Amino acid sequence: MSYLLQDLATLVGGTLKGNGRIEITGVRPITEAGPGHLTFVEDVKHARLLPQCQAAAAVVGPDMDAGELPVICVAKPLAAFTRIAEHILGVKPPAVTGVHSQSSVAKSAKIGVEPSIGPFAVVGHDAIVGSRCRLMSGAVIGDGCRLGDDVVIHPNVVLYPNTVVGNRVIIHAGAVIGADGFGYRTEGGRHVKVPQLGHVEIGDDVEIGAGATIDRGTFHITRIGEGTKIDNLAQIAHNVQVGRHNLIVSQVGIAGSSKTGDYVIIAGQVGVKDHVTIGDRAIVGGMAGVMRDIPAGEHWVGIPATPEREQFRMQVNLHKIPELREQLHALAKRVEELEGSAAVKRKSA
Amino acid sequence: MSYLLQDLATLVGGTLKGNGRIEITGVRPITEAGPGHLTFVEDVKHARLLPQCQAAAAVVGPDMDAGELPVICVAKPLAAFTRIAEHILGVKPPAVTGVHSQSSVAKSAKIGVEPSIGPFAVVGHDAIVGSRCRLMSGAVIGDGCRLGDDVVIHPNVVLYPNTVVGNRVIIHAGAVIGADGFGYRTEGGRHVKVPQLGHVEIGDDVEIGAGATIDRGTFHITRIGEGTKIDNLAQIAHNVQVGRHNLIVSQVGIAGSSKTGDYVIIAGQVGVKDHVTIGDRAIVGGMAGVMRDIPAGEHWVGIPATPEREQFRMQVNLHKIPELREQLHALAKRVEELEGSAAVKRKSA
Amino acid sequence: MSYLLQDLATLVGGTLKGNGRIEITGVRPITEAGPGHLTFVEDVKHARLLPQCQAAAAVVGPDMDAGELPVICVAKPLAAFTRIAEHILGVKPPAVTGVHSQSSVAKSAKIGVEPSIGPFAVVGHDAIVGSRCRLMSGAVIGDGCRLGDDVVIHPNVVLYPNTVVGNRVIIHAGAVIGADGFGYRTEGGRHVKVPQLGHVEIGDDVEIGAGATIDRGTFHITRIGEGTKIDNLAQIAHNVQVGRHNLIVSQVGIAGSSKTGDYVIIAGQVGVKDHVTIGDRAIVGGMAGVMRDIPAGEHWVGIPATPEREQFRMQVNLHKIPELREQLHALAKRVEELEGSAAVKRKSA
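Residue numbers (this note's numbering), protein chains in the order written: chain X, 1 to 349; chain P, 1 to 349; chain B, 1 to 349.
Please note that the accuracy of each hint is not assured.
No copy labels: a pair is met if it fits in one copy or bridges any two.
When the alpha-carbon atoms are kept at most 16 Å apart in a straight line, the in silico EDC-like pairs for lysine to aspartate or glutamate are as follows [unchecked claim]:
(1) Lys45 - Glu114
(2) Lys193 - Asp65
(3) Lys17 - Asp7
(4) Lys110 - Asp149
(5) Lys107 - Asp126
(6) Lys110 - Asp65
(7) Lys17 - Asp150
(8) Lys76 - Asp43
(9) Lys110 - Asp274
(10) Lys92 - Glu310
(11) Lys193 - Asp150
(12) Lys333 - Glu187
(13) Lys259 - Asp150
(14) Lys193 - Glu86
(15) Lys76 - Asp63
It is worth saying that the hints were derived from the structure and are not from the lab. Remember, predicted model here, so these are calculated numbers, not experimental data.
Isolated chain X (complex conformation):
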């Protein structure tokens, strides 16, 4: 199946430049686009790849030069390209499927309008599920959970009892929200469990990746702020307070009672110690180990994490060691010569 470029331009209300009669058979990012493909370019950096790209056409920003290539000009290339991709790939809004006969919904649970509850999904006692929620196969919504509207819970997700989930939250398959935190007191040579009595609260528009784990608060609440996005296999420990609009990349671990401000970015595999505070808009580089507070707006990297410039300096220093050794060696020679001539003088004196 193929689509005329001019029709796709019309679909997104873009300005066509070049031959609108060419046929588009698929969509690809610029590094993978071949003949017949439509691609897109959002910034000048990627625009440089256009000349060697074999795409048939591109969606570009205003005033972006694409040479001979037919283009659709729009204000927001990625958004327009995505809409075209959904059109070509035949993406449809998911159907409302009702409550599957093979699910298990407690009588005391309250379910909003237009639910889609899959086979083998479980909704516990006294749980409240908002309107238009999609609880997929094998998802477990514990007793007393409260979900907002338009929530999507992918297959085999587990929400422990009393988890609170905002509107439009998406939780991917296999994530576990509200398990007991890792808390013990040691008595007579045994680790005795400290009961974990709190719960997890997830703000509006949060998305949580596959296999991620977020533990309940010990006595109170573990919080994920509105608009924050958490990637696969991240671990958020008990009592952590994550701010709003954070980006927490995959395999990050944040230890107990730590806090992040708003718009914090934590790159992949970072570890954050317990009881640490990361300020607003701070950025933590991949694989860093955060051992102390990070002030707002700073960019920290390394293990232990320090401001990027310090880490850079340290790397430079480390690479200067061979030079230092050479200089020291050369200097020693000069001193030797001086000592030699001094000795000669002493002798001659």
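Once you have looked at the hints, place chains P and B on chain X.
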């Protein structure tokens, strides 16, 4: 709902100091406590936070000075506070629910008294489940597994066939026990699977975190010793022998055939190489990379991990480089001057 | 139950040396073997452990010296030992169980011959499942997925819609294939989701570990090449292209759009940045942080990763700092002396 402080003191058999008629509306850790809240202090370090804390009252240890704040004095503040928290939060022992009609229990399986088996839980052929076990929704107990008494298996946990689980073990949602280890032999350019024929044995009183994975032994047993606690998303490879009463924090990875002694602590995101032994009561710092054996009782950190003092010395050395460079530069100047005056002398001589 | 060594030799067509009438009661790796056990030795390195080993007998390679120990000589010791272990442990090919009455298979799905579909497994609309596939309890095969023949999907695995899986693929419990990648564009202070419209394609003979996550492509395909093995809790981001016959060890994270060649080995807990290429047969050491392209055949380690020899040199340099300080100190003394004698001379002049 609120509670009189004096009644809470009675509940835990504590000694009341100050006004017992004040009303407690909630429980919080000291860093989050506000008006109306009861908090607790276990040690002198946290006692220092009491003056600026807004809590209405605190549970404290014997002879701990809390100034004007009304307190309940007990021998073990955390234990007493937890009991009060359970009382205030209305935590009840979980009900015995029997075997759910939507579960799948093999006829050849043996189930002990007072079972609670949730919807969509599976118990395989010839599995033996002890008394008072709770197998929650979607939990899968493979063929031939043997579980002790009072075991709690949270939703969507998977126990592969023949897994052995001790008494009072808790396994959190999504954990996978007994999957095949990562073992291949390469023949003619292909990685050929080495069949993984062993199983996993978990001792009494072990707790395993959400999403953690513990692989079966290749030919024999992967063991988790009695009383050991393993946090979320930790990975224990095939043939590993974990000792008793270990604390293994989240996202730790222990490679094949490694061993730990008793009372070992391994902090978050540590990686342990294969075939390594970590001695009794050793402590491994967060994010360390353990490449060789750690003697009993030592505290190792860093990548590659070394005794803490060595790592500290190395950090100090690294920070001394700029100073070294300056000293070298200054010394070079002095040598230059000496050379200059020597040259002058030679000339004048 | 016990087995005569001579019968086990016959089972694998091996050459018996020593007393064939001894009785074997179990199989163990050489480090765990005790009286009555059969063990195996594949290389000279492990052969050295034979003298202190208490095993009753061993399976060894041709011309391998085992002293007095009775042995079965074969060309491939591990393969022969595995076959004996399966015999002794009574491992049987899994029975074909058909489609369980408590599963949920869409009418539009096509299922090949001899299926084994467990309780609470789900097969979505228009999914195609090949012959002799085993879909275990709670596994979720999304709408439009296509599975080859002889595929094994362990309990509670989730395949998102349109995932393509080759022949003889094994996916372990709790793995999630095809979840949305971590892609957002920021508009007006909010992270707006970039729809993830692609899917995942997994080649023949791939094995994927428990709890691993592989995200779908943004617009196109995330690929795992034929014969590649991925360990537990690894994370493969959207658009990644993994080559053939890779070994990717547990807890590795590969960020978006990165590529690996064939026969690449990535050890445990490695992090790979986005848009990086790792060449054929490259090896990345445990816990390394790959920040840039790695040429074919090289062995890189460290954070940031560099060729092994560079890392080694850097470690050596780091350890030379104390020596440098001492040398500098000694040289400073010599300069001081020279200055002293120069001053004396000046005075005496």
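Checked hints:
1. Lys45 - Glu114: neither (45 Å within a copy, 53 Å between copies)
2. Lys193 - Asp65: Classified as neither: same-chain Cα gap 64 Å, cross-chain 27 Å, threshold 16 Å.
3. Lys17 - Asp7: within (13 Å within a copy, 79 Å between copies)
4. Lys110 - Asp149: Answer is within: at 12 Å inside a copy they meet the 16 Å cutoff, but 35 Å across does not.
5. Lys107 - Asp126: Within one copy only: 8 Å inside a chain, 33 Å across chains, cut-off 16 Å.
6. Lys110 - Asp65: Neither, since 55 Å and 49 Å both go past 16 Å.
7. Lys17 - Asp150: neither (39 Å within a copy, 51 Å between copies)
8. Lys76 - Asp43: within (10 Å within a copy, 57 Å between copies)
9. Lys110 - Asp274: neither (37 Å within a copy, 43 Å between copies)
10. Lys92 - Glu310: Result: close neither inside a copy nor across copies, 50 Å intra and 53 Å inter.
11. Lys193 - Asp150: Between copies only: 15 Å across, 37 Å inside.
12. Lys333 - Glu187: Neither. Shortest intra-copy (64 Å) and inter-copy (57 Å) distances fail the 16 Å Cα cut-off.
13. Lys259 - Asp150: So Lys259 and Asp150 fail the 16 Å test inside a copy (28 Å) and across (36 Å) alike.
14. Lys193 - Glu86: This pair counts as between: shortest inter-copy Cα distance 14 Å, intra-copy 50 Å.
15. Lys76 - Asp63: Within one copy only: 12 Å inside a chain, 67 Å across chains, cut-off 16 Å.
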